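J.: Given only the sequences and the hints, what does the whole structure look like? Please build it.
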Amino acid sequence: MVKLMTDGILLAEIQQDRLLMQYDTIIIDEAHERSLNIDFLLGYLKELLPRRPDLKIIITSATIDPERFSKHFNNAPIIEVSGRTYPVEVRYRPIVEEADDTERDQLQAIFDAVDELGREGPGDILIFMSGEREIRDTADALNKLDLRHTEVLPLYARLSNSEQNRVFQPHSGRRIVLATNVAETSLTVPGIKYVIDPGTARISRYSYRTKVQRLPIEPVSRASANQRKGRCGRVSEGICIRLYSEDDFLSRPEFTDPEILRTNLASVILQMTALGLGDIAAFPFVEAPDKRNIRTAYACWKSWAPSPPMRRQRLIS
14 MVKLMTDGIL LAEIQQDRLL MQYDTIIIDE AHERSLNIDF LLGYLKELLP RRPDLKIIIT
74 SATIDPERFS KHFNNAPIIE VSGRTYPVEV RYRPIVEEAD DTERDQLQAI FDAVDELGRE
134 GPGDILIFMS GEREIRDTAD ALNKLDLRHT EVLPLYARLS NSEQNRVFQP HSGRRIVLAT
194 NVAETSLTVP GIKYVIDPGT ARISRYSYRT KVQRLPIEPV SRASANQRKG RCGRVSEGIC
254 IRLYSEDDFL SRPEFTDPEI LRTNLASVIL QMTALGLGDI AAFPFVEAPD KRNIRTAYAC
314 WKSWAPSPPM RRQRLIS
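In our numbering, each residue's number is its place in the sequence shown (first place is 1) plus 13.
Think of the hints as simulated: they come from the structure by calculation, not from any bench.
This one's a predicted model, so the numbers in the text were calculated from it and none came from an experiment.
Be aware that one or more of the hints could be misleading.
Unchecked claim - Cross-link-like lysine-lysine pairs, in silico, DSS-like; alpha carbons within 27 Å at most:
no., residue 1, residue 2
1, 59, 84
2, 59, 69
3, 304, 315
4, 157, 224
5, 59, 16
6, 224, 242
7, 59, 304
8, 224, 84
9, 84, 157
10, 315, 84
To be verified - Have a look at the derived ranges for each label pair, beta carbon to beta carbon:
no., residue 1, residue 2, range
11, 177, 220, 43 to 51 Å
12, 99, 264, 27 to 35 Å
13, 67, 29, 16 to 24 Å
14, 102, 231, 24 to 32 Å
For every residue, glycine included, the Cβ atom is placed at its ideal position computed from N, Cα and C.
T.: In structure tokens:
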């Protein structure tokens, strides 16, 4: 039997089946996302393997750092499986034109990119936006252009199921889909031939100075930018227009910081305690949080309650 589930469901199952005896193989897909749940699973499975040497673990991703993950699992073998894709041409159209310092706003840059791609021939366009408000504002502006034979579709989490499903229905003419970075990996919008990438996303990040979890708009990593590019070129040759310069792209970090390095560790301690994962300082994260931040997190606990969570709780009892 093959069972498909979210990482959160597997963590919940661990509470009842500490050795995961009902499974002989576990596949963790999209591991590059490095959410807290994924990092919890990667650490838990690392500690579980000596108790379950028969258990097979497969970590998959299109944009993973394979050496780091291999090292985490005691130099596990790396297998590369090449997918079948078509060539994607990348065009850099920075909002600030370096030649004459002419500055456009992002909306005008998107209009120009849509116009450029409209001259390339038929095919749907996927535009990545930072959030719901940006999607709605851009969709309204594109609709006012009254583009011929073109349907503009927003795609974000708070839309009803019926509205979200419109993206996957057959259609005639050109379709412009505006989505957040959820369209990088979590879902595949069919029929996309062109991508417009402003190169930004809202990334949750905890400020130890203000002690607030923020959601600032930041440049995406090279791995995320390449994931966006890969949304076209699946059914035919594609074009990706990046609204930033090639130098900007090359100067960006290769991967997005894992969530464990940019979140409030006090809340992480709470989650780990609830899941029975043990002491955060001893847990085998792929990338361990800074010890100073761990001490700060425990200090927060002392200010919230008479005592911090039990630190002597073991991962596997």
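J.: Hint compliance check: list the failing hint numbers for this structure, sorted ascending.
T.: Violated hints: 4, 6, 8, 9, 10, 11; rest satisfied.
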